[in-house]
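Heads up: the sequence lines are chains A and B, in that order.
The opening position of the first sequence corresponds to residue 48 in our numbering, with each subsequent residue numbered one higher.
The opening position of the second sequence corresponds to residue 48 in our numbering, with each subsequent residue numbered one higher.
These are calculated hints, taken from the structure and not from any lab test.
Misleading hints may appear alongside valid ones.
A pair counts as met if it fits within one copy or between any two copies, since identical chains are not told apart.
As the list claims (entries may be wrong) - EDC-like cross-link-like pairs, simulated, lysine to aspartate or glutamate; straight-line CA separation at most 16 Å:
#1 K64 x E80
#2 K278 x E184
#3 K104 x E74
#4 K165 x D122
#5 K347 x E245
#6 K127 x D81
#7 K312 x E288
#8 K127 x E184
#9 K215 x E288
#10 K91 x E146
#11 K165 x E80
#12 K104 x E146
#13 K89 x E119
#14 K282 x E188
#15 K64 x E74
#16 K91 x E119
#17 K209 x E288
#18 K283 x E80
#19 K150 x E184
#20 K209 x E105
#21 K64 x E105
#22 K165 x E105
#23 K60 x E105
Protein chains: 2
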Amino acid sequence: MPEQEKIQEPQHKAVSKHLVGAVPVVETTTTVEDARALLRSKAKIFEDMSFVYVLTKERKLAGVVSLSNLLEIHDATTTKIGDVMNKNFPFVHPHTHQENAIKIAIANNVMSLPVVDKNGIFVGALTPKDILAILHEEHIEDLLHFGGIHISESFIDIFKAKIGTLIKLRLPWLVIGLIGGMLATSIAQLFETTLQQELTLAFFIPVIVYMSAAVGAQTQTIYIRAVALEKINTKKYLAREIGISMIIGFVVSILIALYTILVFKTASVALIVALAMFINVILAVVLAIFIPWLFNRAGKDPALGSGPFATILQDILSLLIYFSVAAALLF
Amino acid sequence: MPEQEKIQEPQHKAVSKHLVGAVPVVETTTTVEDARALLRSKAKIFEDMSFVYVLTKERKLAGVVSLSNLLEIHDATTTKIGDVMNKNFPFVHPHTHQENAIKIAIANNVMSLPVVDKNGIFVGALTPKDILAILHEEHIEDLLHFGGIHISESFIDIFKAKIGTLIKLRLPWLVIGLIGGMLATSIAQLFETTLQQELTLAFFIPVIVYMSAAVGAQTQTIYIRAVALEKINTKKYLAREIGISMIIGFVVSILIALYTILVFKTASVALIVALAMFINVILAVVLAIFIPWLFNRAGKDPALGSGPFATILQDILSLLIYFSVAAALLF
Chain A
48 MPEQEKIQEP QHKAVSKHLV GAVPVVETTT TVEDARALLR SKAKIFEDMS FVYVLTKERK
108 LAGVVSLSNL LEIHDATTTK IGDVMNKNFP FVHPHTHQEN AIKIAIANNV MSLPVVDKNG
168 IFVGALTPKD ILAILHEEHI EDLLHFGGIH ISESFIDIFK AKIGTLIKLR LPWLVIGLIG
228 GMLATSIAQL FETTLQQELT LAFFIPVIVY MSAAVGAQTQ TIYIRAVALE KINTKKYLAR
288 EIGISMIIGF VVSILIALYT ILVFKTASVA LIVALAMFIN VILAVVLAIF IPWLFNRAGK
348 DPALGSGPFA TILQDILSLL IYFSVAAALL F
Chain B
48 MPEQEKIQEP QHKAVSKHLV GAVPVVETTT TVEDARALLR SKAKIFEDMS FVYVLTKERK
108 LAGVVSLSNL LEIHDATTTK IGDVMNKNFP FVHPHTHQEN AIKIAIANNV MSLPVVDKNG
168 IFVGALTPKD ILAILHEEHI EDLLHFGGIH ISESFIDIFK AKIGTLIKLR LPWLVIGLIG
228 GMLATSIAQL FETTLQQELT LAFFIPVIVY MSAAVGAQTQ TIYIRAVALE KINTKKYLAR
288 EIGISMIIGF VVSILIALYT ILVFKTASVA LIVALAMFIN VILAVVLAIF IPWLFNRAGK
348 DPALGSGPFA TILQDILSLL IYFSVAAALL F
């Protein structure tokens, strides 16, 4: 059986929160008939019977037998469980992060997972209901991350929470965002002379900032899912994304340049806006991959580096690039 | 058995895409012993045996028996399935949207759901694997919505898709966003005289736009989940959210006003920025609930009204309010 995961995670997101012990357990020497009798006699007690877990005398996990396999065997009285069990079944550890357990379940197309300690001793199982609950919880959490809301405790209470609690959950990121916004005002102020020289540049601040944020959000959403679901080669992935962003950047830059020339009749502003937008789109893609990658490398949930944090950083950088391009081209 | 859902949904998201027929089916008059024999003889064929579905002679769904219940009954030869079945088991229709099926499964804490047609005739079941797959698919889709990517066909291919396909998926919302951004430049241009009179106002454009978008994104994330998971009273919910937004708006407005006075030494700009931010935060909350509510009422997925569309609308409105407040207070 291959080792299924690496990173040690905080206890409150570990598989051990969910694992149940009330699943059928037999020894390798148990006969199929006796295993069936166990299921019949303890049907009410077991929380899940889709698999029978097969242990050695030392209670190490040796394999599993699915209910279908258990029922279809003909020579039930003579066949031993050890001879029919599946030895290559995926498993997890008590400290495995629940999101990793979900990944393993999906990748192996199974609805139950045995949990073993570091010595291979069986300590329980994740049942289909656990897996459904975890997937549902991770789903809500991912969505809330995008809104800049990080919930470490009871996620479902948000809908019934007191107003004070909700404000405490929502305000911190908004204040961090506000501080980022204050920094942005200072950057704009640095380029006061540039703005005085060409006030039209001010009109394009929202679209410059919006486009970087939008491209960044798209890239990050796709990247975080890709990281969560499959092993990806970051360098190759980044190269591909840069290729895509160059095409996207080219299209939107041409469009905004045409618009600027048609509506504002100024070729210099058109050039500044288009060039800044092109650079910003590519930078947005690089940042949108680099930030979650950093979080992932540091052993943190990459989704934590998404949403508000990336948006603020991108807002500030895109302004800086816009004004720098303007200052360079106007003088 | 209560009717479980109302809205007819497009075929490609309907339960019928997933339903399997290979589940155990018996009649009310079948004995428990015969039902057990059926499981044994067809174990390999059935895709899921967590429940045995009990039908009338007309193949209408009469109830279900869980595997545990089936195994624990003692008088197996004399007991009839009809006497031990659970008659109040949730069910869905072939055209039920898969997301609604998931809601029903989670609300009832079951991992399998029978599917019946409009006459109550049993047509198949959703197995735990189907439910896991649907939940996983909806999860990815919700995340991609936030990035302005709407996928109607094969969602998983995005990671392996050709660059041309990815650009086709990503570019439309970006171009719509760009058009929104062009509209924003025209709004800013309308207030050219205001900006000329007080250039400092231009420095605050990014933070004004950012704060509305951030508050809107938070509100919408929480609201869409609330709508998806429970029946909520929209008026009451909106009132509560407005209360929260007034507190949040008050805090961020005071902070930005203090910053403006300290750094830019201008009380008039401080007043304009703070007032505009306060109005914008409340408006962002109202819009963030109103837009998904509209989509929901129109029978569309409320998540479609989130993300990029709401962001663009909020960007434009927040600019309009900012400049209007400025024009009103400066003259």
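Each hint, compared with the structure:
| no. | hint | result |
| --- | --- | --- |
| 1 | K64 x E80 | neither (33 Å within a copy, 38 Å between copies) |
| 2 | K278 x E184 | neither (23 Å within a copy, 19 Å between copies) |
| 3 | K104 x E74 | within (7 Å within a copy, 43 Å between copies) |
| 4 | K165 x D122 | neither (36 Å within a copy, 44 Å between copies) |
| 5 | K347 x E245 | neither (44 Å within a copy, 45 Å between copies) |
| 6 | K127 x D81 | within (9 Å within a copy, 26 Å between copies) |
| 7 | K312 x E288 | neither (34 Å within a copy, 44 Å between copies) |
| 8 | K127 x E184 | neither (40 Å within a copy, 40 Å between copies) |
| 9 | K215 x E288 | between (37 Å within a copy, 14 Å between copies) |
| 10 | K91 x E146 | neither (29 Å within a copy, 31 Å between copies) |
| 11 | K165 x E80 | neither (32 Å within a copy, 43 Å between copies) |
| 12 | K104 x E146 | neither (31 Å within a copy, 45 Å between copies) |
| 13 | K89 x E119 | between (20 Å within a copy, 7 Å between copies) |
| 14 | K282 x E188 | neither (28 Å within a copy, 25 Å between copies) |
| 15 | K64 x E74 | neither (26 Å within a copy, 40 Å between copies) |
| 16 | K91 x E119 | between (22 Å within a copy, 7 Å between copies) |
| 17 | K209 x E288 | between (43 Å within a copy, 11 Å between copies) |
| 18 | K283 x E80 | neither (53 Å within a copy, 59 Å between copies) |
| 19 | K150 x E184 | both (14 Å within a copy, 13 Å between copies) |
| 20 | K209 x E105 | neither (50 Å within a copy, 51 Å between copies) |
| 21 | K64 x E105 | neither (24 Å within a copy, 45 Å between copies) |
| 22 | K165 x E105 | within (14 Å within a copy, 54 Å between copies) |
| 23 | K60 x E105 | neither (29 Å within a copy, 48 Å between copies) |
Consistency note: the structure conflicts with the earlier hints numbered 1, 2, 4, 5, 7, 8, 10, 11, 12, 14, 15, 18, 20, 21, 23.
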